[in-house]
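Could you build the full structure based on these sequences and the hints that come with them?
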Amino acid sequence: MTGNTAEAEDLTQEAFLQLYRKIATFRGESAFSTWLHRLAVNVVLMHLRKKGLPEVSLEESLEPQQEDGPRKDIGARDNVLAGSIDRVNLERAIESLPPGYRIIFVLHDIEGYEHNEIAEMMGCSIGNSKSQLHKARLKLRDLLKTSRAEKAVRR
Amino acid sequence: MTCAEFQRVLPYIIETGGNADEEQHLRDCQICSDLVADLKYIADQAKLLVPMEEPSPRVWEGIRGSLEREGLVKPARARGRLLGFQHWGPLPWVASLAALALILFGVFLFQRAQVEPSTISEPAGSASVSQPAVSLQTVSIDRDDDQLLQQMTTSRPAMMSNFRDNLKQVNAAIADARQAVQQNPDDSEARESLIRAYQQKAMLYEMATRSLQ
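For the protein sequence lines, the chains are A and B, in the order given. First residue of the first sequence: -2, per this note's numbering; consecutive thereafter. First residue of the second sequence: 264, per this note's numbering; consecutive thereafter.
Any given hint could turn out to be false.
[What the hints assert, rightly or not] Straight-line C-alpha distance at most 35 angstroms; calculated DSBU-like pairs for lysine-lysine:
#1 A:K48 / B:K303
#2 A:K142 / A:K47
#3 A:K19 / B:K337
#4 A:K148 / B:K303
#5 A:K136 / A:K148
Honestly, the hints are just simulated from the structure, not real lab data.
What follows is the structure in C-alpha cells.
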C-alpha cells in the first residue's frame, strides 16, 4: 500500500503496537482479520496524510470527470496488453498510482479481499469500492501502455 | 447501447457479468472488448504479486522494544530472574525430590540395625514380601538401575553380581505388588506391599551408593 519497503516495515510495527494497545476495544462485531486490516489501513492512511500526499477521494463524485469519459482506444488489436506485462513494470505502475487507488487495488486484486470487506475496512460503500478499483485499473492500463510505447521507441 | 453507457456500468458488471444489452455490446464493440480484456489481464497479473516476504527482524525487535518501553510487557531477562531458577529447567524439582527421598531413606535406616551389604533385610515389624509371582526372567532393569549397575561394575565388581540379583528380586516384588494394586485398588494390604517393595529398593540403592563412596 505504501509502495516502499522501509515505510511498510515502519507502519507494520506501528500497526502491531496499535493492535496491542487497542485489542480490548475489539467487540467481535466483525471478523478479527477485518478489524485488524482496518486498523492497518488506517495507519497507512494517517501516514499518507501526514506526508501530505494527495489521496484520491473515496467519495463518489456526482459530476462525471473527464477521465470517466468513454475510452476510445482506436487502433489495431495489438493495442491489447495481454502477454506484454512483466512483474517489474506492473509493480512500478502500482507504485505510481495515487495512494487511494493503490490501497483499493492492493486490497482487492493482490490480497484478494471482497468489496464488502474493503468497504468495511475503508468506511465506504461497496459501489464506491468497485468504482475506485475500476479507476485504479484504468490508470494502470494507461501507465503500462505508456511504458510499453516508450520501450518500443527506444528500440 | 453506446460505449459511454457501457463503460459507465462496467465497474459494477466486470466481475459478475451484465444484462443482455451489455453483453451484446461487449460482443459487438472491439474497443470495449479490448478494454475489458486489458482490465481483466491486469487483475490476473496482480494476483501473482501476493507478497511472500516476512518482515525483517528489525520490525519484531522494534515491536518488542516499544512494548517493553511502554511497560506493556516485561523484558525477557526480568522474567527469568523473577523465578530465579527458571533457566535451569527441571533440575531444581529433581534435586528437591532427591533430597526428600534421601531424608526418608535416612529416617528408615536410623530405625534399623546394621545390614549385610549382600542381602536385603526386611524392615522390623513388617511382614516379608511374598515371593514374586512375576518371573525374574521377565523383570526389566530400568535406566536408573542400569546406571547404578554400570557404576558398580566399575567400582565394586565383586559386589555387582549380588547387587544385580537383589535388584531383580526387588523389581519383581514391585511388579507383583503393582499388579495386585491394579487388580484391586481398594486392597490396603496390596498397597502396603507396594510401598514396602519400593522401600526395599530405596534401601538397596542407599547401600549401593554407600559402598561406592
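Status of each hint after checking the structure:
Distance hint between K48 of chain A and K303 of chain B is fulfilled; the C-alpha atoms sit about 33 angstroms from each other, no more than 35 angstroms. Using a Cα cut-off of 35 angstroms, the hinted pair K142 of chain A and K47 of chain A holds, with the two alpha carbons roughly 32 angstroms apart. For the suggested pair K19 of chain A and K337 of chain B, the alpha carbons sit about 18 angstroms apart, so the restraint of at most 35 angstroms is met. A C-alpha spacing of about 23 angstroms is found between K148 of chain A and K303 of chain B, which places the hinted pair at or below 35 angstroms, so the restraint holds.
For a cut-off of 35 angstroms, the pair hint linking K136 of chain A to K148 of chain A stands: about 19 angstroms separates their Cα positions.
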